[in-house]
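We have chain A already, so just place chain B on it with the hints.
Each protein sequence line maps, in turn, to chains A and B.
Under the UniProt record's numbering, the letters of the first sequence match residues 1 to 326, in that order.
Under the UniProt record's numbering, the letters of the second sequence match residues 1 to 326, in that order.
Any given hint could turn out to be false.
One copy or any two copies: either way a pair holds, since identical chains are not told apart in the list.
Under the rule of at most 25 Å between Cα atoms (straight-line distance), these lysine to aspartate or glutamate pairs were calculated in the DMTMM-like manner [as the list claims (entries may be wrong)]:
(1) Lys136 - Glu269
(2) Lys7 - Asp19
(3) Lys8 - Glu269
(4) Lys254 - Glu269
(5) Lys133 - Asp268
(6) Lys228 - Glu244
(7) Lys221 - Glu242
(8) Lys254 - Asp217
(9) Lys8 - Glu302
(10) Lys292 - Asp107
(11) Lys33 - Glu269
(12) Lys136 - Asp268
(13) Lys135 - Glu73
(14) Lys133 - Glu205
(15) Lys228 - Asp100
(16) Lys50 - Asp303
(17) Lys164 - Glu229
(18) Lys290 - Asp112
(19) Lys245 - Asp195
(20) Lys104 - Glu244
(21) Lys290 - Asp107
(22) Lys133 - Glu269
(23) Lys24 - Asp268
(24) Lys228 - Glu48
(25) Lys254 - Glu48
(26) Lys276 - Asp217
(27) Lys276 - Glu229
(28) Lys70 - Glu16
(29) Lys228 - Asp268
Hints listed in this document are in silico derivations from the structure and should not be mistaken for laboratory results.
2 protein chains.
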Amino acid sequence: MKSVIVKKPGGYDQLEVVDMDIPKLKEGELLIKVYSTSVNRTDIITREGKVGYLKNPILGVEVSGIVTEKCGESSFSIGDRVMGLVNGGGYAEFAIIQSDRAIKIPDSLSFDEAAAIPEVFLTAYQTLFWLGKLKKHETVLIHAAASGVGTAAIQLARHISDAKIIVTAGSKRKLDFCRELGADVLINYKEQSFDEEVLKATNGEGVDVILDFVGADYWNKNLASIKKEGRWVLIGILGGAEVEKVNLLSIMSKCIQFTGTLLTPRSDEYKALLTKEFSENIIPYFENKKIKAIIDTKFSLEDIGKAHLHMESNNNIGKIIINVCE
Amino acid sequence: MKSVIVKKPGGYDQLEVVDMDIPKLKEGELLIKVYSTSVNRTDIITREGKVGYLKNPILGVEVSGIVTEKCGESSFSIGDRVMGLVNGGGYAEFAIIQSDRAIKIPDSLSFDEAAAIPEVFLTAYQTLFWLGKLKKHETVLIHAAASGVGTAAIQLARHISDAKIIVTAGSKRKLDFCRELGADVLINYKEQSFDEEVLKATNGEGVDVILDFVGADYWNKNLASIKKEGRWVLIGILGGAEVEKVNLLSIMSKCIQFTGTLLTPRSDEYKALLTKEFSENIIPYFENKKIKAIIDTKFSLEDIGKAHLHMESNNNIGKIIINVCE
Numbered sequence: 001m002k003s004v005i006v007k008k009p010g011g012y013d014q015l016e017v018v019d020m021d022i023p024k025l026k027e028g029e030l031l032i033k034v035y036s037t038s039v040n041r042t043d044i045i046t047r048e049g050k051v052g053y054l055k056n057p058i059l060g061v062e063v064s065g066i067v068t069e070k071c072g073e074s075s076f077s078i079g080d081r082v083m084g085l086v087n088g089g090g091y092a093e094f095a096i097i098q099s100d101r102a103i104k105i106p107d108s109l110s111f112d113e114a115a116a117i118p119e120v121f122l123t124a125y126q127t128l129f130w131l132g133k134l135k136k137h138e139t140v141l142i143h144a145a146a147s148g149v150g151t152a153a154i155q156l157a158r159h160i161s162d163a164k165i166i167v168t169a170g171s172k173r174k175l176d177f178c179r180e181l182g183a184d185v186l187i188n189y190k191e192q193s194f195d196e197e198v199l200k201a202t203n204g205e206g207v208d209v210i211l212d213f214v215g216a217d218y219w220n221k222n223l224a225s226i227k228k229e230g231r232w233v234l235i236g237i238l239g240g241a242e243v244e245k246v247n248l249l250s251i252m253s254k255c256i257q258f259t260g261t262l263l264t265p266r267s268d269e270y271k272a273l274l275t276k277e278f279s280e281n282i283i284p285y286f287e288n289k290k291i292k293a294i295i296d297t298k299f300s301l302e303d304i305g306k307a308h309l310h311m312e313s314n315n316n317i318g319k320i321i322i323n324v325c326e
Numbered sequence: 001m002k003s004v005i006v007k008k009p010g011g012y013d014q015l016e017v018v019d020m021d022i023p024k025l026k027e028g029e030l031l032i033k034v035y036s037t038s039v040n041r042t043d044i045i046t047r048e049g050k051v052g053y054l055k056n057p058i059l060g061v062e063v064s065g066i067v068t069e070k071c072g073e074s075s076f077s078i079g080d081r082v083m084g085l086v087n088g089g090g091y092a093e094f095a096i097i098q099s100d101r102a103i104k105i106p107d108s109l110s111f112d113e114a115a116a117i118p119e120v121f122l123t124a125y126q127t128l129f130w131l132g133k134l135k136k137h138e139t140v141l142i143h144a145a146a147s148g149v150g151t152a153a154i155q156l157a158r159h160i161s162d163a164k165i166i167v168t169a170g171s172k173r174k175l176d177f178c179r180e181l182g183a184d185v186l187i188n189y190k191e192q193s194f195d196e197e198v199l200k201a202t203n204g205e206g207v208d209v210i211l212d213f214v215g216a217d218y219w220n221k222n223l224a225s226i227k228k229e230g231r232w233v234l235i236g237i238l239g240g241a242e243v244e245k246v247n248l249l250s251i252m253s254k255c256i257q258f259t260g261t262l263l264t265p266r267s268d269e270y271k272a273l274l275t276k277e278f279s280e281n282i283i284p285y286f287e288n289k290k291i292k293a294i295i296d297t298k299f300s301l302e303d304i305g306k307a308h309l310h311m312e313s314n315n316n317i318g319k320i321i322i323n324v325c326e
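Chain A extracted, bound-state conformation (with noise of 0.2 Å):
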C-alpha cells in the first residue's frame, strides 16, 4: 500500500510516498480502507524529529474510510464507516484504528469532512472542557482562532458554553471567518496589543480561560489577560519554547491553572474516554448542521510535501485535507 513515511528528520522535502505492507490486525483493532486523512502541527514536529509521537514509521494521526477487517469484539461491522484517531499510520491506503476510538461517520458527512474532525475537535475539547473547565458564560481567548483547532475551538465554546469568545489572528480574512462561527471580540496580533484588547472587553478583569498555541512570545501578556483563577492552556509552540525569565510569584497570587498538552502523546485509555464522551456529546451537533468540519484545501497522497508546506506558511483556515482514494 502507498504510505508516506520520513527519510530523514527535516523539512517537507524529507517526506516520501514508499510502499508498505497491509499492517496485520491484534485483538480490539479494526482495518480502516483510508479515504481522507489531514495534516496536523503534531506531524510537522515528528518530521522534525523534535518529540518523537508514535512508534509507527508511516505519519499521520487521524482518518476517515471503510472497515474492511475487524479482530474480536467491537460494535463495528465491515462495510461502516468510521473515523478517529490512529497510533501513526494515517497517511496510507490502509490503517490500523483501536475499536473504542472509532467514531460511526453521520451520513450527512463526507470523507473528506470526516477527516477534518477526530484531531482538531478532539483536542478543542479536551483542552477547552477537560483541561480548561470552561462553564457557561465565562470568556474565552482564542490564539490562532483560524486554525484547525481555533475554528473547532470557536464552534463548541459558541454552542456548548455559550462564552464570550474572544480571538486573535493575523488577518482580516481570518478574522471574518471566525466572527461567522461565532466569536464576539475581534483582535488583529499584527495591528494590536491583545492583552489590551482583552482587557478592555472584560472590564479589566482578563478572560477565564486561554487557549495557547504561542508560547514563549506571548507569555507576559497571557499572563496579563488571563483572570484569577484562570485556567490556561498550552497546546502549541508557533512562538517558541523558551521562556526567559518567569514570575512564580505572579502565577501563585493570580491564582493560575496553567496545564500543557498534546493529545498524540496520551494514553489509548484517555483516547478512548475522550472518544467516547465526545461522540455523544457533540457528533449529534455534527447531525444537526450547527457544527461543521472546516477545511481549508485538499491535497493527494502525492503532494504531502506542498500540503506541509501549506500548513507552515499559516495561511490556511481550518484543515488541510488529504485524499488517499477516491
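Relative to the frame of chain A, chain B by itself:
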C-alpha cells in the same frame, strides 16, 4: 483590644501591638474571643508588602476561640468553641469570622491545637485533592515536609490516599519526624540530589503530584521529578520567584498541569466550600486521633516579632502558635 499591625512594609521589627476597637459584626458573621492564632508564610509576605492580602490592617489569617456574638442565622451559638480562616484580623483579642468558615473544635483538642489546623490543613487538602487530584495509591513529592503545610500534607496523603509519600527536608531531625507521620521516602536536600532520588524511588517514572514550596531553585529538578500527566502545585517561593528559562515543550510533551495557588486571596465562597468539605471529611480523623495538629513552639502576642523571626529561620517543625489569651 490588643492587635498586631505593620508600621511600614519590611522586617519582623515592623510589627507592633496597638490598641484597636473591637470590630463590628455584619450579617453572616461571628465575633470570636481569640484564644490562639498562628504564624503563616502569607503573613510574612504581607508584612513585607509583596502581596497585600486582605483589606484588614490587622495581620493573621486563622484563629481559635469562643463565639461571643453572632449576626444573622448560623449553626453556631454564643459560647461555642470554633476555629477557622479569617479575612485578616487574627492577631488580635477579638476577630470576625464568616459563619460558613467556622469549624466546631472537637472536644479533644485545645485552643492551641485548633489554631494549628485551619490554614495548613485546608491548604494541604486543597492542594493535594482539589488541585493535585491525588488518587489512591499514587505517589506524591512533598517539599518543605516539616513545615506546617508539609506535616499536614503527609498525614492527609497517608490516611486519605494511602499514597507513596516522598519528602524533602534539610535535616535528619526533620526527616525523622516526617517518617513518624507516615512518609515513605526521605530525602535530605542538602546532601542528596532530590530528582535523582525521586526517579530511583519511582522506577524512573516520577511522581503523580508535587507540592512545591520552593519555586525557582527547584524548577528543573521538579520538572525532572514529575511523571507524565503529573500535577504540580506551587504554594510557595522560598527558593525565589523568578525562573531564568522555562522550556514549554517539556511541559507540553509531558502533559503537565502546573497550578499556582495561595489560599488567602481565594474568594469567600471558595473558602466556605473548602471548609465544609474539610469539616465533613477530615475532622473525624482528628476526633479519633489518627491525624493530629503539629505544634512547634508557642509565643505570646507581645512576642509576635520573635515568632515571625522563628518562622524565617526555617527551623520549625509544624506550626508556630500565638497565645492571645490564656
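Now the hints, each set against the structure:
1. In this assembly of identical chains, the alpha carbons of Lys136 and Glu269 lie at most 25 Å apart only when taken from different copies (18 Å versus 28 Å within one copy).
2. For the identical chains of this complex, Lys7 and Asp19 are intra-copy neighbours only, at 14 Å inside a copy versus 79 Å across copies, given an alpha-carbon limit of 25 Å.
3. For a Cα distance limit of 25 Å, the shortest separation of Lys8 from Glu269 qualifies neither inside one copy, at 31 Å, nor across copies, at 56 Å.
4. For the homomeric pair Lys254 and Glu269, the shortest alpha-carbon distance between copies (16 Å) is at most 25 Å, but the shortest distance inside one copy (33 Å) is not.
5. When the C-alpha separation of Lys133 and Asp268 is checked against a cutoff of 25 Å, the pair qualifies both within a copy, at 22 Å, and between copies, at 21 Å.
6. In the homo-oligomer, the alpha carbons of Lys228 and Glu244 lie at most 25 Å apart both inside one protomer (23 Å) and across protomers (24 Å), since each shortest distance falls under that limit.
7. When the C-alpha separation of Lys221 and Glu242 is checked against a cutoff of 25 Å, the pair qualifies both within a copy, at 15 Å, and between copies, at 17 Å.
8. Within a single copy, Lys254 and Asp217 get their C-alpha atoms as close as 21 Å, and across copies as close as 21 Å, so both meet the 25 Å cut-off.
9. In this assembly of identical chains, the alpha carbons of Lys8 and Glu302 lie at most 25 Å apart only when taken from the same copy (18 Å versus 72 Å across copies).
10. Taking the closest pair of Cα atoms, Lys292 and Asp107 come within 25 Å of each other only inside a single copy of the chain (13 Å); across copies the shortest separation is 62 Å, beyond that limit.
11. Taking CA atoms no more than 25 Å apart as the test, Lys33 paired with Glu269 passes inside one copy only; the shortest distance there is 24 Å, against 54 Å between copies.
12. In this assembly of identical chains, the alpha carbons of Lys136 and Asp268 lie at most 25 Å apart only when taken from different copies (21 Å versus 30 Å within one copy).
13. Neither within a single protomer nor between protomers do Lys135 and Glu73 lie at most 25 Å apart by alpha-carbon distance, with minima of 37 Å and 31 Å respectively.
14. For the homomeric pair Lys133 and Glu205, the shortest alpha-carbon distance inside one copy (18 Å) is at most 25 Å, but the shortest distance between copies (27 Å) is not.
15. In this assembly of identical chains, Lys228 and Asp100 lie within 25 Å of each other by CA distance solely across copies; the values are 23 Å between and 38 Å within a copy.
16. For the homomeric pair Lys50 and Asp303, the shortest alpha-carbon distance inside one copy (23 Å) is at most 25 Å, but the shortest distance between copies (58 Å) is not.
17. For the homomeric pair Lys164 and Glu229, the shortest alpha-carbon distance inside one copy (17 Å) is at most 25 Å, but the shortest distance between copies (29 Å) is not.
18. Taking the shortest alpha-carbon separations for Lys290 and Asp112, only the intra-copy value of 18 Å comes in at or below 25 Å, while the best inter-copy value is 61 Å.
19. For the homomeric pair Lys245 and Asp195, the shortest alpha-carbon distances inside one copy (18 Å) and between copies (22 Å) are both at most 25 Å.
20. Taking identical chains as interchangeable, the C-alpha atoms of Lys104 and Glu244 are never at most 25 Å apart, the minima being 46 Å within one chain and 48 Å between chains.
21. Taking the closest pair of Cα atoms, Lys290 and Asp107 come within 25 Å of each other only inside a single copy of the chain (15 Å); across copies the shortest separation is 60 Å, beyond that limit.
22. Taking identical chains as interchangeable, the C-alpha atoms of Lys133 and Glu269 lie at most 25 Å apart whether they share a chain (20 Å) or sit on different chains (18 Å).
23. When the C-alpha separation of Lys24 and Asp268 is checked against a cutoff of 25 Å, the pair qualifies only within one copy, where the shortest distance is 18 Å, while the shortest distance between copies is 58 Å.
24. Taking the closest pair of Cα atoms, Lys228 and Glu48 come within 25 Å of each other only across two copies (22 Å); inside a single copy the shortest separation is 37 Å, beyond that limit.
25. Taking the closest pair of Cα atoms, Lys254 and Glu48 come within 25 Å of each other only across two copies (18 Å); inside a single copy the shortest separation is 36 Å, beyond that limit.
26. Neither within a single protomer nor between protomers do Lys276 and Asp217 lie at most 25 Å apart by alpha-carbon distance, with minima of 35 Å and 42 Å respectively.
27. Taking identical chains as interchangeable, the C-alpha atoms of Lys276 and Glu229 lie at most 25 Å apart only when they sit on different chains, with a minimum of 20 Å there against 29 Å within one chain.
28. Neither within a single protomer nor between protomers do Lys70 and Glu16 lie at most 25 Å apart by alpha-carbon distance, with minima of 29 Å and 77 Å respectively.
29. Proximity of Lys228 to Asp268 under the C-alpha cut-off of 25 Å is restricted to the inter-copy arrangement: shortest distance 14 Å between copies versus 34 Å within a copy.
Violated hints, in rising order: 3, 13, 20, 26, 28; the structure is consistent with all others.
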